[in-house]
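Undergrad: For this one, chain A is given, so just place chain B on it according to the hints.
2 protein chains.
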Amino acid sequence: MLQGMRDDEELGRITLAQVAQEAGVSISTVSKVLNGRRDVAAPTRIKVERVLDESAYRRTTRVAREAPLIELVFHELESVWALELIRGVEKVAKANGASVVLTESGTRQAPGPEWIEGVLQRRPRGVVLVFSSLPAEVKQQLRSRSIPFVVIDPAGDPDPDVPSVGSANWNGGLAATRHLVQLGHRRIGIITGPEDMLCSLARLDGYRSALSMAGLPADPELVRYGDFHVEGGRGRAAELLDLDDPPTAIFAGSDLQALGVLEAARLRELRVPHDLSVVGYDDVPLAQWSSPALTTVHQPLRQMAEGAAQMLMRLRSEESEEPVVTRLELATSLVVRQSTAECRRHGR
Amino acid sequence: MLQGMRDDEELGRITLAQVAQEAGVSISTVSKVLNGRRDVAAPTRIKVERVLDESAYRRTTRVAREAPLIELVFHELESVWALELIRGVEKVAKANGASVVLTESGTRQAPGPEWIEGVLQRRPRGVVLVFSSLPAEVKQQLRSRSIPFVVIDPAGDPDPDVPSVGSANWNGGLAATRHLVQLGHRRIGIITGPEDMLCSLARLDGYRSALSMAGLPADPELVRYGDFHVEGGRGRAAELLDLDDPPTAIFAGSDLQALGVLEAARLRELRVPHDLSVVGYDDVPLAQWSSPALTTVHQPLRQMAEGAAQMLMRLRSEESEEPVVTRLELATSLVVRQSTAECRRHGR
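Protein chains in written order, with the working numbering: chain A, 10 to 357; chain B, 10 to 357.
In short, the hints are calculated from the structure, not lab data. Hints are not guaranteed to be accurate.
It does not matter which identical chain is meant; a pair holds if it fits inside one copy or across any two.
[Claimed, not checked] Subject to a maximum C-alpha distance of 27 Å in a straight line, what follows is the list of computed DSS-like cross-link-like pairs (lysine-lysine): (1) Lys148 x Lys103; (2) Lys56 x Lys148; (3) Lys56 x Lys103; (4) Lys100 x Lys148.
Quick caveat, the model's predicted, so the values are computed rather than measured.
Next up, chain A with everything else stripped away, as it sits in the complex (with noise of 0.2 Å):
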């Protein structure tokens, strides 16, 4: 209510009339559906909604009401990825005057209502979220009110009507097995990630590159999916390594499943990387933690965060009325520590 009080205040009543007018609704309620409460009508939220994104009722708000605010959105603060993107956007932010505001949407899959609620009542300068999929309501509910949006999308599936930031796959799949076949390995075990994820997919296409490129056959048996955690790494490297003919190395497709990889190997008496050579990606701040260090695919998540809250700033300051639909990528590098060597065995 406070909130609905300040729209008249600031933006003068004739514009909110107006609005409520055309959609044929009360003042009030056009407040409701500002503020994104959620006691309005689905039918009286659209009617509402259209009228708003139609009128120059946004243009002329923005710059009054918004707050020194970004918002940054994560599905869940679990992953090992949440501290590298929370620098990158707190940087970005620290350079324009603004601090971070940092929510948990709290659900698996797409989010729910309660946090873009809170992110309308708030009027931030932008909103950063790491998840690919965004509901239609919600990108037309940050739009109607000149809030931009930015998707960091680790996942490599981005929408192409937002704006989004990524880094290249592909190309890490390539160089991690490239630099397997260069230390003389010729069986060389994959686990990438879930199946359903085009990020996985990317990798193991550069991967399956990488072998062809050197005249070495893709053997299935040697191609595994995981789950990006520690768990399906040991797993899957359990499975490659009680192979007749098993791997003389194994790209991991994530940090995380790397480290599975050296306790498969660990419980079976084989030494990292005298034994066996492991690849992992990402390049979290545990990938040199670990014993032995890992080498692996830099994923410049800091960087990416960054460059979103950047686009942000950017989208900002345009004067068109629509989004500038932007993809930014990211180039991945290897990184050599001490859990990759030179092959010492060779085929059966």
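TA: Below, chain B alone, put in the same frame as chain A:
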């Protein structure tokens, strides 16, 4: 300026004018001080702060102005603890309909003026600070505006004047060492944290007490001070393992230091736990991902953060003008995993 104008509107000119008159400054100067702006000379600011502090101003202003935000301020977002603490505060914030604003104070020692300025402008429900030493000026600024604050203090060096949450470091050191004694170890090394941190000393004293209770001598040669990071663990473990009569077990003082011990052992072809038992401290997520998974002392970081945020909520609802000084110390507990085993070697 906008914020200053809102002061006038919401509180009425009279209250602000009274403060100005009593301090002998202009209303706009009072407004600047209230908003934490730095373009006010220090003596003037101190004078206004004192009047604010003594006046009934704060009691009349709190409820009307606060935003549904909890501020969480870190020195640096680098620690492996940070995410656990964020998640704890986030949980309590969500349950109270509030969002978390995350700020990195950006200085290694005491926090600088930038963050307090932002806090005073945003007027959150409260502030959770992750560091021990809070300047007197900051305390006064928060108190005069009735913004409650609680310190999460894993270093174990609480300011008696400030509500804080810590954990039982001495008991943690005792439990870690007792576990090794029970496994038959007689030469037990310790790598505690920096010598100037109370939590390092408390853990070391717990270690000494456990040895003493078991009738074992405390060999000063087996006591080392680290840095709580991987590098310190690696370096100090190398010193211990290269002794003429090396330890059969090391209490590593932190999980990161324990990872360093694992690496020092690997480089000497010592198998953990077969040839060397290792106990960490903290139980951050990577402790269970390590190979072997770390036996460690669980420091309930998430619950400490929840406790701090709940304490904030309690402080808010207090009628008392003076903040309630509180110290919450949560229990630590030993988590036995794969990095410890029965001692197989006894002395020379």
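Undergrad: The structure should be examined with respect to each hint, and the outcome stated for every one.
TA: Structure-based check of all given hints:
In this assembly of identical chains, Lys148 and Lys103 lie within 27 Å of each other by CA distance both inside one copy and across copies; the values are 26 Å within and 23 Å between. Taking the shortest Cα distances, Lys56 and Lys148 sit within 27 Å of each other inside one copy (16 Å), while across copies they are farther apart (49 Å). For the identical chains of this complex, Lys56 and Lys103 are neighbours neither inside a copy (38 Å) nor across copies (30 Å), given an alpha-carbon limit of 27 Å. Taking the closest pair of Cα atoms, Lys100 and Lys148 come within 27 Å of each other both inside a single copy (25 Å) and across two copies (26 Å).
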